[in-house]
Amino acid sequence: MALSQYLGLDKSNNDITKMRPLVYRSTATPVYVDLYVSSITNVDEKAQSLTTQVKMITGWPKMKWNKTLFCGMETFAAPKDLVWTPDISIIERAFGRCLVTARRWMLFRVIWSCGRFPRLVCSFESSDGKNAAQLETSADFVSLTTACKMDLYKFPFDSHTCNITLQSTAYSVYEISIDEITNADGITGRSKELFQAQGEWELIEINVTKAFINIIYEDLNLDQLIYQITIKRRPLLYVINFMLPVFIFLVLDVMSFFIHGRGTDKLSFKMTLLLSISVFLLILNDTLPSTANQIPLIGVYCSAIFILIGISILETILVNLLKAKGKRSVETTTAVTGPNGSVSDSVRDQNEEPSSTLNCCAPIQQNQQEKTCLCWTRVARIIDVIFLILYIITIIVFLSVLGKLWIP
Amino acid sequence: MALSQYLGLDKSNNDITKMRPLVYRSTATPVYVDLYVSSITNVDEKAQSLTTQVKMITGWPKMKWNKTLFCGMETFAAPKDLVWTPDISIIERAFGRCLVTARRWMLFRVIWSCGRFPRLVCSFESSDGKNAAQLETSADFVSLTTACKMDLYKFPFDSHTCNITLQSTAYSVYEISIDEITNADGITGRSKELFQAQGEWELIEINVTKAFINIIYEDLNLDQLIYQITIKRRPLLYVINFMLPVFIFLVLDVMSFFIHGRGTDKLSFKMTLLLSISVFLLILNDTLPSTANQIPLIGVYCSAIFILIGISILETILVNLLKAKGKRSVETTTAVTGPNGSVSDSVRDQNEEPSSTLNCCAPIQQNQQEKTCLCWTRVARIIDVIFLILYIITIIVFLSVLGKLWIP
Amino acid sequence: MALSQYLGLDKSNNDITKMRPLVYRSTATPVYVDLYVSSITNVDEKAQSLTTQVKMITGWPKMKWNKTLFCGMETFAAPKDLVWTPDISIIERAFGRCLVTARRWMLFRVIWSCGRFPRLVCSFESSDGKNAAQLETSADFVSLTTACKMDLYKFPFDSHTCNITLQSTAYSVYEISIDEITNADGITGRSKELFQAQGEWELIEINVTKAFINIIYEDLNLDQLIYQITIKRRPLLYVINFMLPVFIFLVLDVMSFFIHGRGTDKLSFKMTLLLSISVFLLILNDTLPSTANQIPLIGVYCSAIFILIGISILETILVNLLKAKGKRSVETTTAVTGPNGSVSDSVRDQNEEPSSTLNCCAPIQQNQQEKTCLCWTRVARIIDVIFLILYIITIIVFLSVLGKLWIP
Amino acid sequence: MALSQYLGLDKSNNDITKMRPLVYRSTATPVYVDLYVSSITNVDEKAQSLTTQVKMITGWPKMKWNKTLFCGMETFAAPKDLVWTPDISIIERAFGRCLVTARRWMLFRVIWSCGRFPRLVCSFESSDGKNAAQLETSADFVSLTTACKMDLYKFPFDSHTCNITLQSTAYSVYEISIDEITNADGITGRSKELFQAQGEWELIEINVTKAFINIIYEDLNLDQLIYQITIKRRPLLYVINFMLPVFIFLVLDVMSFFIHGRGTDKLSFKMTLLLSISVFLLILNDTLPSTANQIPLIGVYCSAIFILIGISILETILVNLLKAKGKRSVETTTAVTGPNGSVSDSVRDQNEEPSSTLNCCAPIQQNQQEKTCLCWTRVARIIDVIFLILYIITIIVFLSVLGKLWIP
Amino acid sequence: MALSQYLGLDKSNNDITKMRPLVYRSTATPVYVDLYVSSITNVDEKAQSLTTQVKMITGWPKMKWNKTLFCGMETFAAPKDLVWTPDISIIERAFGRCLVTARRWMLFRVIWSCGRFPRLVCSFESSDGKNAAQLETSADFVSLTTACKMDLYKFPFDSHTCNITLQSTAYSVYEISIDEITNADGITGRSKELFQAQGEWELIEINVTKAFINIIYEDLNLDQLIYQITIKRRPLLYVINFMLPVFIFLVLDVMSFFIHGRGTDKLSFKMTLLLSISVFLLILNDTLPSTANQIPLIGVYCSAIFILIGISILETILVNLLKAKGKRSVETTTAVTGPNGSVSDSVRDQNEEPSSTLNCCAPIQQNQQEKTCLCWTRVARIIDVIFLILYIITIIVFLSVLGKLWIP
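These protein sequence lines are chains E, C, F, U and H, in that order. So in UniProt numbering, the last one in the first sequence is 408, and the numbering has no gaps at all. So in UniProt numbering, the last one in the second sequence is 408, and the numbering has no gaps at all. So in UniProt numbering, the last one in the third sequence is 408, and the numbering has no gaps at all. So in UniProt numbering, the last one in the fourth sequence is 408, and the numbering has no gaps at all. So in UniProt numbering, the last one in the fifth sequence is 408, and the numbering has no gaps at all.
Because the hints were derived from the structure by calculation, they are not lab data. C-beta atoms are modelled at their ideal positions from N, C-alpha and C, and glycine is treated no differently. Each statement offered as a hint is correct.
Residues from chain H that face chain U, not an exhaustive set, calculated with beta carbons under 10 angstroms:
id : residue
1  : Glu45
2  : Thr264
3  : Ile309
4  : Leu314
5  : Asn320
6  : Leu321
Stretch by stretch, here's where chain C covers chain E in the computed footprint (C-beta under 8 angstroms, at least three residues):
id : stretch
7  : 36-48
8  : 233-241
Bound conformation, chain E alone (with noise of 0.2 angstroms):
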């Protein structure tokens, strides 16, 4: 095992397995980068991060040795903490989840076997180029849990874009050069194709850029590589389960005006939508996080409705009373005119409205007190009507405006 010794893989001390091996020349030892998305496992809005299944591809300089003085010895395992390996981490990253089947072995392979291999560990030289063969790759399936500003406005038809920031911690530009291997294009594509979970979430895009970044600090200009991952709700559970009984309960709530009847039963109805909507906020309450500086759009929908149908409810008691009081001056002339022999026409059913009303008007050739029934149940005959007009017109345009915003 005197290869293990050569490379200087055997030394207990720190010296040479733990440091970077300095580069001669002075140009930066160049390291390549690949980040593929391979399941999105959890966007928590609360927190505001985004918890990811990631693949990454590092790939740097080839180690090399002459095989005929190591027994022909082409290939040469070592466990990865007694290796060299780039210190690339990434910024955003919110709470430590560990590297998950992160390769605990290094594969070393021949590349060259041109005359000895110099002892001096400064000579370590770089093999320049994207070429992977020549690259000593490792690569990592990390589970990231990475801040995200998410905006929950238009949930559930909300897309987020979250940055995943690669850098190296302590090398500067000097030493190390940040590049990724594939471009944009591919890794969206391969991401799509590795993409497991069927989950609440599509991938829509992951977008590369290199930056640039200066640490005034330390007077430390740093190669960043930022990936850019767009992903979008699928919105068509929360439609069925959510949105769509609440607007049949709206629907409802229209239709209940034509409910015929005595008029606390058209209440108790509207109370029994109150109190089904009531039991939706509770599932609202525990899908939505109270987040943003904007109430999102779902909370307005459902308040909104929740609200109109309340107005609804006092519209209702307020044109049943002036039904009621219409009623009850007729009934008093009536009384008054009980003695007569039309006595038997008043012992109809005085629930029965309509009729009452009716009966009350047909004989128009009636003293001042049946004109002030007729007002009333008029009064409340008409602000039912344009009531129901404006209400059909708000929930009109309330829906059309909330429905731009929403999809615009």
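Please arrange chains C, F, U and H on chain E, whose structure you already have, making use of the hints.
Positioned in the frame of chain E, the structure of chains C, F, U and H alone reads:
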């Protein structure tokens, strides 16, 4: 304890103990693997991951020594981290969970005592053949959380196939070859035997396939062993606790057409139905994550019934309106004909529509207005009957289509 | 600190400190174990795992030295990881939880001082016999999560038996033998004494069995010590909070047959019952995981009551329909016989069916149509009575069968 | 850095740095402990565990050196794991949580410089006395999760006493003696001062007791320091949000006896009450774990009110039935006596029972059947009144007994 | 790699690398700290803890070497654990969370090259002044969970001030002095810039104070840097989703006084209101932990409205009872006066109270009993009106007081 020195276990440097003993002759080291699923702990549909308890047996060529040289010692135990073990890992592993009852100690045993063990590390000869007695084996009980693409479309009648792919992390096919010890049937059989948890999921089958993967970046050919685990959800509790109640609500809704009484009673009955289904939507919301491209059938089932009942409420409102219109015209007529002797006939409670319509229709020899009355109530009745027939047909068609999609 | 050197504790290499001191004579090293359950922290029916707080005492032959040679030192404390401890592990352990109050330090004490301790490691003599004073003991408080097959069929009257199997991970029966210190009765007694948490579960019994397992792959015979822990759920809160309310709803449903009033009042009463049971299904859904091959009895209980009330609603609708039919025919008759003097008899409120049917049946000397009326209402009444009897019988049979299955 | 060598901190072998410096003279090393509770993070009634933030101060005899010999250095900082610290641990600790702000560095300081520090490790002299200035101290902020037997019987008016027992894990009473620095009053006072979280729990008192335990297996006598922490739940929010609403429902139920109207209205009112209490049982189910031998009083409270309302519904049904029977017989009578002139008297709405019963009872000079009528309605009325009185008495007795049990 | 040896990084013993380089001259080593809050991940009111993402920059005097002696190397990277870093820790830290993107590598850079670096470790000179270019800096992104006293009294209009106290764990004020780099304004500004998460909480301000603490036990004076973070909850979603619906229910309750119809309709309307509020109490129970000495205002708000509606239900029952009493006496009168011709007058539906009372009151020339009737109904009406006025006044007073307390 010379044996330990002899086997190279006493050295604190990593040379021998942590490096793979390179095979002298160019054949790859054979590694044999068996994987039994002993329980399915968790199936997270949202994160699209499967947590299983797995018993994984790995076997590789035995170490050997001459027992006569070492005080006749036949067995020899050493902590696991002092010896080389194959670096088989699982690709789909989603979250880092530690091995659980993993053996921390290996027991080595003499196989044969032919001559001195050559001090040359390279000559660590492999004993080929699956004969387990000639293998060092290591049985680990692992709690695995693997990513698994799950389609909830047929929930709760769904079954999923999850892969567990075993692969060396560093050694190419030229260094390590992976094979299964037991075949698929044996593994399925023994897994079912071991299967402890009588949980929501039933283990249907475990399949083993040998695959071969080429990692482009590194020009590395790897052996893979793919275990395909097929599991099936036990739907009974969902059927009993969720689908049956919702179905009962649908039946009650159909039967509510035969409710005799004031129209508003029918309405309040149906509204209570709708409210109850809202409560069940709460349960559905807890149970079903918003995943999937297509809406899961159970969401369609629930929403469709919700919408159907909503429509039937609208129809009830319409029919009531028409009936009320019919009644009202009759009354107007009778009010006009009031002065004659048949006054007391109109005294009957107008809430009782059937009777009033019968009344209205009995004396056919009446004027124009009477006919309108006849018309409205007849229209209402015809609409009611036609709607009921259409409603029942719709329900039957919907349920049979759904049933076919669900349980093909 | 020569003693530490003498005992081999000062060496940084792993030879002696981490290796099991091989017994010179060929007998196995006796290891004695005791396991007390001090609390049941969690019983996860879904994951089918049991989390217990366990006090585990392990004893093995003492180390010895001549105290006169080492400044008369009689005791000697060393960090636990510097000495060999038996590698007893638990097979069912489901999730990795660390030892909690595990002693990190061992205290060694002189037993006898006969002559120099031979420098030969192999001669580490075992003192046989369970005499604890002659054992090195280690008491660990462990938080164990073990897999346990739980059948929720009888929930909440269920009791489960979970195994904790202790076994050496590496040493065969020839090297280590495992025995219990205290017998089953002693352990049960002392566990109940220690039992801290007055939680949902009651500790019934702990049983100890010695087993013997043969691992085929390695031709390894192992001693096992199986602790069988029997626990019983305290059902009272479930009975009070869940089963009793649902039973009260059932009683109310039966009693609702005696509700006097309009048929639709009875209907709305029953619908509210159904809605309330839906709310309780919400609780059931939270409490009971969807496990088990058979549906748990509590699910059957809940669903059966749900279905029973559903059926009784259907019957109420049917009976109401029949009664309405009866009434209507009477009215038609009276309408025909209207012109004569008994007109005003038909003026009574037809909502009050009993009276109207009595009316209809009182004057028997009427025509054919009257009899049909009689027929319909009689049929309705008979159906009502028969259904009630059948309903009560069904409920009694169902509850008694369920009761027998539940608490045999 | 000769001082570090001198103190034995530079050695990589474990001899001196990790071993307890054995006391030369046979007295035990005195260890002084103080424990302050700075907040109660979580009280898990289900797992019966208490999570507290604890500030634990440990003091032990100081290290010393001659400052003139070491460049006049007076202080000296070293990572904590390089020096011996007392192995005090907590017995009740339920789950492994790491020390949090534990000091990773120790600061050593010269005390006196009298002569050379003898190179003999055994002579590490203890400075006795609680004088803190002569103690090495280590202040750790620990997040402790300790098992604690909690009885929820009086929830939410419960208070619990949890023990935190400090004990050396390895050293017997002959090697280490444990004492508190501050007495109970001082600790309670300072804990209340430190107490940060204004959570659900109020810290009442902290008590310190010195105990002495004998571990039989090892013949080991240990010093213990038991801190008894008494905490009290702040019940106000539970009273306001849970108990008060349920009580209001009970009051409404009692008042519902005075509801004037059709019997079925009273019924539907009471059913809505029952439904509302079901919703509150949902909350209770979330709040209260199913622990305890006895049912918690709050469960009794809730269930008893549920059952009481259930019974009052049954009574309402019975009374309604009796009243209906009474009315019906009257009607039969009047129907028989129908042919005479008083026919129109029976035309009045029979829904209005009081009037009809009055009617039935007004003309006393009637036949036998009339009397039965009288009887039924009278029975109904008497039952109603008696039940109401009994009901109110039951409620008062129940609530006062409950109140006494709850807040003695 | 002589430089590494020269700087003392190659030694495996802990002398130099892990010990704080003692300052030769007696001045304390200046340490400069900056702390930016980049997001608020979680605010746990129950555990009274605040989880923030914090960027913490620590600067301390630079290491230096003569670049000409070491091949002209100007920069030099080393793993962080090989060099001394200041042991600044946070006192309030509640739970152990690892540093996240903490730099594992430090980059050292030549500052000046004047002469040989003296081999004496003690002469590690500090370059004073905040000039960052002369500081070794380390930027850590930490996920901090700090204890924070939060008062939920004004929830959801609450704002909290949490402290993050930085302090050396071992070094006294004579060894290390802590200062901030940027002042409070700069930190607030840059934090707001960095602030990523648009969550429930708004960052108001960050304040920096320098403090000085004396630890009595150790006679240790420590520098402290206290960052006071003021955050404010965004209440909009709570207002919209919780407080508004409950307020609407209150309005509906007030308006229900104007419901015209049978008294029981009003009752069932109010009961449905109460049931709906119960559903919202479910949400409140999920949202608000039972903390706080005083009940949070939102609990008072919710409970007060609950109680108000409960009282208004009681009043409705009372008024209905009085009205019924009034009506009954009238009926008795009319029954007595029945024999005369006005019999058919009493045939009208007694459910229609207003009409019947009017009827009863119209003919004033009646006997004593009539007057009692008049009395009862008048009392009922007066009570109703007075209660309504008082009720509205109570509500207005309550809401305005609450509003003042809430948003001063």
